[in-house]
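Using the sequences and the hints, build the whole thing.
Mapping of the sequence shown onto mature numbering (1 follows the signal peptide of the UniProt record, and there is no 0): residues -31 to -1, 1 to 222, in sequence order.
A portion of the hints provided could be inaccurate.
[As the list claims (entries may be wrong)] Simulated crosslink set (DSBU-like; lysine-lysine; CA at most 30 Å straight-line):
hint	residue 1	residue 2
1	K147	K136
2	K105	K175
3	K175	K104
[Stated by the list, open to error] Simulated DEER-style distance windows between Cβ atoms:
hint	residue 1	residue 2	range
4	K104	A39	13 to 21 Å
5	N83	T148	17 to 25 Å
6	S151	N101	32 to 40 Å
7	L80	P17	33 to 41 Å
8	T178	S76	26 to 34 Å
9	G107	P174	16 to 24 Å
10	P174	S152	36 to 44 Å
11	D133	G107	38 to 46 Å
12	H153	E129	19 to 27 Å
13	N101	V57	16 to 24 Å
No lab work stands behind these hints, which were simulated from the structure alone.
The beta-carbon is built from N, C-alpha and C at its ideal position, and this holds for glycine as well.
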Amino acid sequence: MAWLARGSARALLAALLASTLLALLVSPARGRGGRDHGDWDEASLLPPLPPREDAARVARFVTHVSDWGALATISTLEAVRGRPFADVLSLSDGPGAGSGVPYFYLSPLQLSVNNLQENPYATLTMTLAQTNFCKKHGFDPQSPLCAHIILSGTVTKVNETEMDIAKHSLFIRHPEMKTWPSSHNWFFAKLNITSIWVLDYFGGPKIVTPEEYYNVTVHWKTSRGDHLVQLHCIAEDTQAQGGKVIWSQSHSK
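Here it is, written out as C-alpha cells:
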C-alpha cells in the first residue's frame, strides 16, 4: 500500500506543478510591456478610439496607449551603412492623459543609439496592434482600421529640467527599467516631432501638424472615470540644436 500512497502523492504534485506552469505561461508578464503594468491595470478598460475624422486626437491616443514602437534610423554599421535600420524600443508619453512626447530610456550600447550619434533624424511607428483593440474587432495589423501612426523628427537627450518628467513617464509604465544595470550608462531621450502621419482608415494617410497634435483636447474615458485635459504643449525647436545631438556617456538613475 505504501507504493500506492507514494504514487498518489507524485500524481498530486505533478498536477499542481502543471497548473502552476500553465498559469505562468498564459499570464501577462508584469513590468515587461502590456496593459497590466505601470499606470494601466487589468481592471482598466482601454479608452475608446477617438472619432477617426479627428486625426490629431487619434494620433495622441495611439501614442498614449502604446508601450513600444519601432524606431527607424540611418545605419552606421559597415554592412548596411546608410540604409534604414529599425529597432523596437519601449516608450511612454507619461501618466494621466499623457503629454504626447515619446520618451525613451537608451544606452550607448544600443545599435540605434550609435546611429543617432551620427544622424539624429529618426521615424517612429506605433500601432494599436499592441493592444486588444485590433484583435477584438478582427482587424489585421496591416489594415488601416488597426490604427497606426508615423512620427518623424530628431531624437535628443532630455535636458535637466525635463529629466524628472521623462523618468516618471517611463518608470511608471516600465518599472523593470529601474533594475537595468547602471554600467550600460542609460539616459533619457525623446523624439522631437516635426511630421506626423495617421493611418486609421482607407484612402491614405492623414497629415497632422505638430501644433495640431500638441493642442488637442484629450478626453479619456475608462473604467476609472472620465479624465478631461486641455493640453497646450510647445514642441521644442530642434533647429536650435543645429540638427546634431551629442550623446552623454553619463547615466541617470
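Status of each hint after checking the structure:
Among the hinted pairs, K147 with K136 is consistent with the structure: their alpha-carbon atoms are about 10 Å apart, no more than 30 Å. Taking the CA atoms of K105 and K175, the gap is about 24 Å. The hint holds against a cut of 30 Å. With a C-alpha separation of about 23 Å, the suggested pairing of K175 with K104 holds against the 30 Å cut-off. Hint check: K104 to A39, Cβ distance near 19 Å, so the stated range 13 to 21 Å holds.
The given range of 17 to 25 Å is respected by N83 and T148, whose C-beta atoms sit roughly 24 Å from each other. Taking the beta carbon of each, S151 and N101 are about 35 Å apart, inside 32 to 40 Å as hinted. Evaluation of the 33 to 41 Å hint for L80 and P17 yields a pass: the beta carbon distance comes to about 37 Å. Between T178 and S76 the CB atoms are about 32 Å apart, so this pair conforms to the stated range of 26 to 34 Å.
The hint said 16 to 24 Å for the Cβ distance between G107 and P174, and at roughly 22 Å that hint holds. A beta carbon spacing of about 42 Å between P174 and S152 agrees with the range 36 to 44 Å that was offered as a hint. For D133 and G107, the Cβ-Cβ distance of about 42 Å falls inside the hinted range of 38 to 46 Å, so the restraint holds. One distance hint, 19 to 27 Å for the beta-carbon pair H153 and E129, holds here, with the actual separation near 21 Å.
Under the hint 16 to 24 Å, the C-beta atoms of N101 and V57, about 19 Å apart, fit the expected range.
The structure agrees with every numbered hint stated previously.
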